Amino acid sequence: MPNTQNHTTPLRILLIEDAEDDAQLLVDHLESEGLVFDWRRIDTERDIIVKLQESWDIIISDFSMPHLNGTHALETVRRLDPDVPFIFVSGTIGEDTAVKAMKSGAHDYIMKNNLNRLLPTIQRELRDAQARREGRHAEQILRKLSLVVKQATDSVFITDSKGRIEYVNPAFETLTGYTADEINGNTPAILRSGKHDLAFYQQLWRTINCGDIFKGTLINRRKNGELFHEEKVITPLKDAQGHITHFVSTGRDITARVYVEHANARLISILEATPDLVAIFEQDGRIRYLNKAGRQLLGLDFEEEVSTRHVQDLVHNDTAQQHISQALLAVREYGIWNGETVLRVAKGKRLPVSQVILAHRNTDGSIEYLSTIMRDISERKHFEAELQHQTNHDRLTDLPNRFFLVDRFTSALEYAKRHGEYVAVLFLDMDNFKRVNDNLGHAAGDSLLQQVAQRLKGCFRSNDTVARHGGDEFTIVANDIKNSEDVLRLLQKLRTAFERPIFIGSQNIYITFSIGIALYPHDGDQIEDLLHHADIAMFRAKSSGPNQYRFYASEMNARSHELLKLEEDLRLALDREEFLLHYQPQLDLRSNRIIGMEGLIRWQHPVRGLVSPADFVPLLENSGMIIPVGEWVLRQACRAHRTIREAGFDNFHVSINVSAAQFSDEYLFDKIKRTLQDEQMPQQALELEITENILIKDPISATETLRAIHGLGARIAIDDFGTGYSSLAYLKRFPLNVLKIDRTFVSDLIDDPSDAAIAEASISLAHKLDLEVIAEGVETVQQLEFMRTHDCDMVQGYYISKPLPWLELMKFLQRR
73 MPNTQNHTTP LRILLIEDAE DDAQLLVDHL ESEGLVFDWR RIDTERDIIV KLQESWDIII
133 SDFSMPHLNG THALETVRRL DPDVPFIFVS GTIGEDTAVK AMKSGAHDYI MKNNLNRLLP
193 TIQRELRDAQ ARREGRHAEQ ILRKLSLVVK QATDSVFITD SKGRIEYVNP AFETLTGYTA
253 DEINGNTPAI LRSGKHDLAF YQQLWRTINC GDIFKGTLIN RRKNGELFHE EKVITPLKDA
313 QGHITHFVST GRDITARVYV EHANARLISI LEATPDLVAI FEQDGRIRYL NKAGRQLLGL
373 DFEEEVSTRH VQDLVHNDTA QQHISQALLA VREYGIWNGE TVLRVAKGKR LPVSQVILAH
433 RNTDGSIEYL STIMRDISER KHFEAELQHQ TNHDRLTDLP NRFFLVDRFT SALEYAKRHG
493 EYVAVLFLDM DNFKRVNDNL GHAAGDSLLQ QVAQRLKGCF RSNDTVARHG GDEFTIVAND
553 IKNSEDVLRL LQKLRTAFER PIFIGSQNIY ITFSIGIALY PHDGDQIEDL LHHADIAMFR
613 AKSSGPNQYR FYASEMNARS HELLKLEEDL RLALDREEFL LHYQPQLDLR SNRIIGMEGL
673 IRWQHPVRGL VSPADFVPLL ENSGMIIPVG EWVLRQACRA HRTIREAGFD NFHVSINVSA
733 AQFSDEYLFD KIKRTLQDEQ MPQQALELEI TENILIKDPI SATETLRAIH GLGARIAIDD
793 FGTGYSSLAY LKRFPLNVLK IDRTFVSDLI DDPSDAAIAE ASISLAHKLD LEVIAEGVET
853 VQQLEFMRTH DCDMVQGYYI SKPLPWLELM KFLQRR
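Sequential numbering from 73 applies to the sequence shown in the working numbering.
Source of the hints: derived by calculation from the structure; they are not laboratory data. Small disclaimer: the values here were computed from a predicted structure and weren't measured. A hint or two may mislead.
Stated by the list, open to error - Restraint-style ranges between C-beta atoms, simulated for each label pair: (1) Asn619 - Ser684: 27 to 35 Å; (2) Ser341 - Arg294: 24 to 32 Å; (3) Gly617 - Pro685: 52 to 60 Å; (4) His209 - Ile285: 21 to 29 Å; (5) Arg447 - Ser341: 15 to 23 Å.
As the list claims (entries may be wrong) - Quick list of in silico lysine-lysine cross-link-like pairs, PhoX-like style, CA-CA up to 20 Å: (6) Lys565 - Lys554; (7) Lys222 - Lys172; (8) Lys310 - Lys554; (9) Lys506 - Lys565; (10) Lys234 - Lys310; (11) Lys421 - Lys489; (12) Lys506 - Lys637; (13) Lys310 - Lys295; (14) Lys840 - Lys874; (15) Lys234 - Lys184; (16) Lys234 - Lys222; (17) Lys506 - Lys489; (18) Lys529 - Lys565.
Cβ atoms here follow ideal geometry from the backbone N, Cα and C, with glycine treated the same way.
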């Protein structure tokens, strides 16, 4: 591009001149005129070719030179650069020669003897050269634009200001079917389809006649009558005065897209109308679309965004989510999966659904997205469950029938085998049922059986199975049986449940049973054997008279009768004041003083004598009598402590055991608080011993209870430490004061390094948690010295003293 003269950029002038003096004369003249420029002088064709590889603003050439003809120099320059201004400056050129030179491409000529015109001529030619270059560039742009319009895939036509078509591109011809010759001179109305009303076209013309651009979608008609959809832009062209001279219309055929959109809209309307849940989601599970039924099922507002939700969120629980994850793996491999799952619907409810998941792939075979359809099958599931229930249950009583009983029995035996427990089979035969049928009729007998069935279900646990074996016979499979005493408690509950009569019409009917009992594994490990043995035991009971029971194993009958009699006596023991406390002293290893005692319950039976706690404490716990008896122990221990204080023993504490049933008593806190007040007991002098297993059953509730008791000032001790199944975490969580090392770790610690290590570690751990430590079961001086050496705080055991009756305890304390 040429330079124009300014103060910073000098012109570049190439002089073709053989005489150096003449060249300097030209240079001096231009400098005197104030022109700023750089220049070079050459005088051969070779120099021209070399120098024109650089950029020059103007070339000034002599016409007559010894080694180079001016005309030839002009031809060489024009071949290499057709736009650079070329001026002849010569003293010999004639008018004819000058005209010929101008025709050959020179822009002007100046006589050497008159250089006054040189600067104006240079300035003019620089301007003209710029104009020539801009014009050529514009022509190039125009040619490119013309090619663009011709080769464009969009339809283009140009009209005059009245709307008559002057030009159409090939894409227009292809789109409409009209050739340029057919369409030129017509208006675009030739394409009207009749799908737009007159107001539409009037608004279009108002827009473009105001000079604004129209953008919209038109439905037009091809020459062959077919309709097509066109995305249209019409732009007014204005002259220098702002008058509209032409309109340029560009259109893009969107027929295929519109048809796809219409098809999608129809598909969406179908999906929105279907009662099935339909969702489209990404491979990572993010939902892209959820239909109306899906939103209603999940309780979502129609404006609520679903893209933040995952397909795994639709299902009910972790198991179902894992099921869906496995299904997605199958879909990625095989393209489809179908099955059943449980949908999490509004308000946390569950809905069983059948589900299909599909993979939708790109042309390259990769998965673009996935979709799923879920259909409500709750009604079908209900009917299936009803059918299953009818198959497995007795029609009259709705109890499991003998077929379902075998299935539940099988599960119970498998569980018992894994966990080393017992299973009890009770075979019940109603006494004198035939008399009811004969006297009151079969309808009354059916009603009686139904009411009996309901009472039986009410007095057994949910994990037990109560089945109707047929006629007036019932079979019960009881799980989670630890010993024969558990069976006796079930029998007691059963007898209690039928102490009240059953009303049939106006009749009061008292029901008793003949009951046969077989125990797994004592009486067999096969279902058939156990049922048969329970049946045999039932007949033995029936032969002994009504309302009798018998175990299949004869030795169990004797033991069960003994335990039942013992439980009956135990229920009267509290009122008869047969309970008493023995106290085992606790020795402080630092001061070598007795500073406390543990109160241990005993039962002085009027006939049996002193009954072992191992025989009656489980009966207390299982019967619920531990609650009132435990309160009696609490109050008795506090009274004993008051007597000890009055005898002059200070800084003395008494500890008692709290059972699981007591700990679950909602009134435990109130009972402790009231007893402390009534007996004027220093709160810190009472210590409650609780086992580990009580705490881990319900840690949250246990924490609340312990904090409330601790708030009274009473001390909390963990009894039998190390024998439970809890972790050490509870030592930190719960408000504890004392840790009692169980006797099982004390008895062999001298000979067993493992027990010694456990004892030592327990002491160290407790002290780091600011807990005191008591070692139970200390029976030798070696055990005592071990505990003293390892900084145990207190000990109790036969080496110090066995549990003592009250009077013996007082003598012991006085001696110490």
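Tested hints:
{"no.": "1", "hint": "Asn619 - Ser684: 27 to 35 Å", "in the structure": "31 Å, holds"}
{"no.": "2", "hint": "Ser341 - Arg294: 24 to 32 Å", "in the structure": "29 Å, holds"}
{"no.": "3", "hint": "Gly617 - Pro685: 52 to 60 Å", "in the structure": "36 Å, violated"}
{"no.": "4", "hint": "His209 - Ile285: 21 to 29 Å", "in the structure": "27 Å, holds"}
{"no.": "5", "hint": "Arg447 - Ser341: 15 to 23 Å", "in the structure": "19 Å, holds"}
{"no.": "6", "hint": "Lys565 - Lys554", "in the structure": "17 Å, holds"}
{"no.": "7", "hint": "Lys222 - Lys172", "in the structure": "42 Å, violated"}
{"no.": "8", "hint": "Lys310 - Lys554", "in the structure": "103 Å, violated"}
{"no.": "9", "hint": "Lys506 - Lys565", "in the structure": "25 Å, violated"}
{"no.": "10", "hint": "Lys234 - Lys310", "in the structure": "14 Å, holds"}
{"no.": "11", "hint": "Lys421 - Lys489", "in the structure": "36 Å, violated"}
{"no.": "12", "hint": "Lys506 - Lys637", "in the structure": "32 Å, violated"}
{"no.": "13", "hint": "Lys310 - Lys295", "in the structure": "31 Å, violated"}
{"no.": "14", "hint": "Lys840 - Lys874", "in the structure": "31 Å, violated"}
{"no.": "15", "hint": "Lys234 - Lys184", "in the structure": "60 Å, violated"}
{"no.": "16", "hint": "Lys234 - Lys222", "in the structure": "24 Å, violated"}
{"no.": "17", "hint": "Lys506 - Lys489", "in the structure": "39 Å, violated"}
{"no.": "18", "hint": "Lys529 - Lys565", "in the structure": "11 Å, holds"}
Hint check: violations occur at hints 3, 7, 8, 9, 11, 12, 13, 14, 15, 16 and 17; the rest are consistent with the structure.
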